[in-house]
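*Asks:* Here is how the chains run, residue by residue.
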Amino acid sequence: MRRPLVLLLAALAPAVLAFTEAEQRAIAAHGPWPPAFAPDPSNRASGDKGAVELGERLFFERRLSANGEHSCSRCHVPERNWTDGEARALGLQRVERNTPGLNNVRLQRWFGWDGANDSLWAQSIRPLLDARELGLSAAQVAALVRGDADLACRYRKVFGSVPAADEDVLVGVGKALAAFQETLVSGRTAFDEFRDALVKGNAAGAAKYPEAAKRGLKIFVGKGSCNVCHLGPAFTNGEFHDTGIPFFIDKGRVDPGRHAGIQKLRASRFNLLGPYNDDPARSTATGTRHVALEHRNFGEFRTPSLRNLALTAPYMHNGRLATLRDVVNHYSTISPDRLHADGEAILKPLNLSDQESRDLVAFLETLQDGGGNYARGPVLQDCR
Amino acid sequence: MKRWLWLVLLAPAAQACELPGGPAEKLQSAAHTILYRAAPALRAGEHFVLEIAVCPAPDGLRVDAWMPDHRHGMNYRPSLEALGGGRYRAEGLLFHMPGRWEFLFELRAGGATERFAHAVRVE
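As you go down the protein sequences, you meet chains S and G in turn. Okay, so the first sequence: first residue is 1 according to the numbering used here, each after it adds one. Okay, so the second sequence: first residue is 1 according to the numbering used here, each after it adds one.
What you were told as hints is all true, and nothing was included just to trick you.
Derived CB-CB ranges, DEER-like:
#1 G/GLU106 to S/LEU293: 19 to 25 Å
#2 S/GLY85 to G/LEU83: 52 to 58 Å
#3 G/ALA39 to S/ARG253: 41 to 47 Å
#4 G/ARG121 to S/ALA204: 30 to 36 Å
#5 G/GLY84 to S/ARG94: 56 to 62 Å
#6 S/LEU293 to G/ARG121: 26 to 32 Å
#7 G/GLU102 to S/ARG146: 53 to 59 Å
#8 G/GLY99 to S/VAL77: 36 to 42 Å
Simulated from the structure, these hints should not be mistaken for laboratory data. Beta carbons: idealized from backbone N, C-alpha and C, even for Gly.
Given only the sequences and the hints, what does the whole structure look like? Please build it.
*Replies:* Structure follows, in structure tokens:
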């Protein structure tokens with residue numbers, strides 16, 4: 001029995017033995033991918049085919065904006081991994097923050113850079129009502145649904161009826177939009193192939209992964225400790241950190257980030273403790289019930305997923321960094337004095353060499369599925 | 001003879017401290033024993049609850065956790081439900097990073113406060 005084991009270890013040597021056991025455990029924790037679908041109990045339309053179709057139609061619907069020219073897809077462009085390539089998003093007006101991608105959005109605990117919403121459906125309502133983004137009122141959204149025979153028909157098929165109260169219709173629209181976005185999942189990547197090969201002891205499979213990416217991965221889970229925040233299959237802990245990016249918007253204005261996000265969450269009628277949660281047990285509201293508001297939350301922003309990162313430039317909450325190399329350089333040279341962290345000691349300059357920086361970028365680029373995994377469905381027949 | 005008497009007196013008290021449902025971590029001082037269990041098993045980025053038994057039952061208990069190496073606590077304030085007889089259930093905890101965390105238990109009994117810390121490794 002001993003000989004086959006020795007042969008296996010020898011065969012794996014070039015690919016596997018470059019990583020310590022602890023590193024291999026850390027790498028394995030970034031999979032498997034993709035995760036299984038689990039419906040959102042707070043949204044009775046979650047996973048419903050009709051809701052997905054309605055949500056997709058609404059997502060690209062330009063009448064869902066005050067000027068009749070914008071839609072969700074203006075900023076969340078499918079071909080750009082559901083971002084827009086702008087540093088700061090442009091709706092009806094320019095806003096302060098970068099457009100986050102939507103792939104894998106259903107895996108998040110908090111939504112938005114400041115986590116001001118605790119469900120994807122509540123987050124989907126927010127830009128509809130924001131005067132700088134789509135600029136509508138609940139009454140205008142409800143009037144569109146009621147006044148369009150096809151939308152009204154689809155809405156009835158999903159929710160049973162079009163409610164009399166405008167806000168109830170608005171929430172249904174948010175839930176249909178969420179049902180559609182839940183279907184946006186990034187595909188498998190070169191990293192996933194390597195990770196699975198490593199877990200299975202498949203030397204041939206592991207050997208296909210580029211050497212530069214392996215070196216970068218070793219930094220990611222080792223010297224860089226990037227996986228302290230970018231953890232798990234989605235490469236995010238879903239929480240909030242001050243990463244030393246200035247949060248001044250312009251003279252005299254700051255973006256308070258998570259600090260204001262928690263206050264908005266608590267004040268929202270659409271949070272998971274409110275009347276629109278479809279789950280009587282409030283089983284996904286644990287975070288909302290227990291989230292703590294601390295002084296240190298000022299200037300904290302949500303840790304983004306790293307999947308398909310290469311397609312979502314520019315980076316950080318305000319799009320301040322243009323390239324992945326800029327992001328790596330930021331963490332390589334970060335000054336702890338600039339962090340507003342109440343004595344926390346998480347980030348230190350990585351002091352990466354030029355080669356190490358290139359390797360880390362090479363690894364990050366292997367988290368990309370190549371894009372193009374979304375094709376808009378055919379024009380739907382009118383609902384009857 | 002006196003030593004044996006003490007052992008006999010202490011034994012029933014030690015046996016009485018139980019946390020049914022499986023293995024539990026045990027912390028002990030001269031005055032109190034704490035048993036606790038996390039469910040589901042600790043994993044970075046996931047909410048969990050703590051089932052706790054304190055013997056003898058204190059007047060009050062506070063539960064928290066922090067990451068000493070990073071000098072920060074959790075992003076959540078756990079809620080604590082007293083179930084009676086020294087049993088408690090803490091909800092809403094989440095370790096948002098892998099690494100070494102420390103549970104903090106603060107007991108109030110007879111006008112005094114006693115603090116326990118217990119380090120755990122989270123992956």
